[in-house]
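Participant: Given next are the chains, with one letter for each unit.
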Amino acid sequence: MSGQPGTPASGTVLVTGAAGGIGRAIVERLDAAGYDVVGADLAPAVDELAWTGERVRGVRADITSDEGRAAILDALGGPVFGLVNCAGITRDALLPKLPDDDLRLVLDINAVAGARLCEALENRLVEGGGIVNISSRAAYGNPGQVNYSASKGALIGLTRALARRLAPRVRVNAVAPGFIATEMTAAMPDDVRDKLVARVPAGRMGEPEEIAAAVVWLLGPESGYVTGQTLVVCGGRSI
Amino acid sequence: MRVRRQGRADGALDDALAAAGCELVDDATATLVYVVDDIDALDAFTPTVAGWASAAREAVAAGADVVTIVGARGFDTDEPAPAMLAHGMVAATRALAFERDRKGGRVNLVAVGDAAPSEVAATVAWLLAAPVTAETVHLGAARHGRLPV
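Protein chains in written order, with our numbering: chain A, 616 to 854; chain B, 25 to 173.
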């Protein structure tokens with residue numbers, strides 16, 4: 616298993632939300648780093664993950680259900696080196712117009728399901744392994760995203776609590792992406808996207824691969840003294 | 025200062041708010057002071073946030089400000105559920121404050137550790153009058169040397 620700086624990456628890493636733009640980039644980067652990867656997603660596109668690398672398997676499963684999580688655990692088999700909680704959805708609206716169902720759905724998928732997976736894997740994670748929760752810059756506040764912000768803030772809380780609970784055996788960190796070029800942002804009108812980019816000191820959207828690089832670093836031995844932290848990868852937007 | 029109290033019942037806090045000069049009324053246009061329930065189980069996370077959101081939704085629709093009170097335990101624990109709730113409420117407060125900012129609305133959070141009801145009420149009364157929004161005020165649980173939340 617990986618653990619000491621300089622040792623090659625090995626072990627199995629579970630990535631949820633693996634069929635999405637950021638999730639898929641994480642899967643590919645973990646594969647390239649030498650990990651065995653199980654990618655889970657509800658979307659049928661997860662079936663294509665096996666094409667991304669020899670050590671990659673896809674599992675179609677709903678992480679909000681007991682059955683879905685059991686299917687993922689079955690696919691993982693034995694000990695697990697890492698978990699990347701990347702599954703997430705948005706249902707945006709200003710709070711007065713935000714339906715209660717949309718509020719609950721976002722909280723259940725983005726926050727509670729990830730916490731339950733951590734719970735389920737807690738005893739399977741090997742010494743030196745890690746958890747990376749994909750939070751969001753929205754945890755620092757975004758209008759029209761009370762539900763999403765709360766869910767991503769909750770993941771920061773989960774990260775801090777589990778970092779204490781699982782230390783020193785397992786490290787737990789979070790990555791908070793800012794404005795990232797995905798299918799979702801590609802669908803935005805150009806003027807909206809341009810206004811958002813204008814607020815980013817880096818002057819551009821981030822790439823999914825840049826989030827993936829942060830995740831792989833946080834799972835790997837080079838970040839061995841880092842736990843309980845949230846790395847905000849936002850091109851300076853949160854300054 | 026007109027206040028609408030919702031969330032967890034707390035007679036001592038209500039008495040202290042009245043003593044601090046707040047008039048407790050049942051009117052959606054009055055500032056919402058919402059006490060969030062403590063939780064221990066993950067099952068309680070979503071319903072608890074949704075309960076706050078329901079009250080906050082009604083308040084902001086009526087143009088009211090919001091002060092939320094949450095236990096500080098979730099900022100200093102290895103238990104996932106209370107940690108998720110506390111940090112989730114910080115984020116929700118910031119997001120709602122952002123939404124309300126254009127109309128001058130204020131949304132803040134008080135995280136209560138070892139503090140008396142009179143101290144909580146005094147802080148709420150200050151927030152009702154101060155030009156402050158999107159902030160988390162920690163009472164009775166110092167966070168020096170710790171990560172900001």
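Simulated from the structure, these hints should not be mistaken for laboratory data.
Keep in mind that the hints are not guaranteed to be accurate.
Listed below are the simulated BS3-like cross-link pairs for lysine-lysine, each with C-alpha atoms no more than 30 Å apart in a straight line [what the hints assert, rightly or not]:
1) A:Lys712 - B:Lys127
2) A:Lys810 - A:Lys712
3) A:Lys810 - B:Lys127
Participant: Does each hint fit the structure? Answer for all of them.
Facilitator: Status of each hint after checking the structure:
no. : hint                : result
1   : A:Lys712 - B:Lys127 : 16 Å, holds
2   : A:Lys810 - A:Lys712 : 24 Å, holds
3   : A:Lys810 - B:Lys127 : 21 Å, holds
Every hint from the earlier list agrees with this structure, and none is contradicted.
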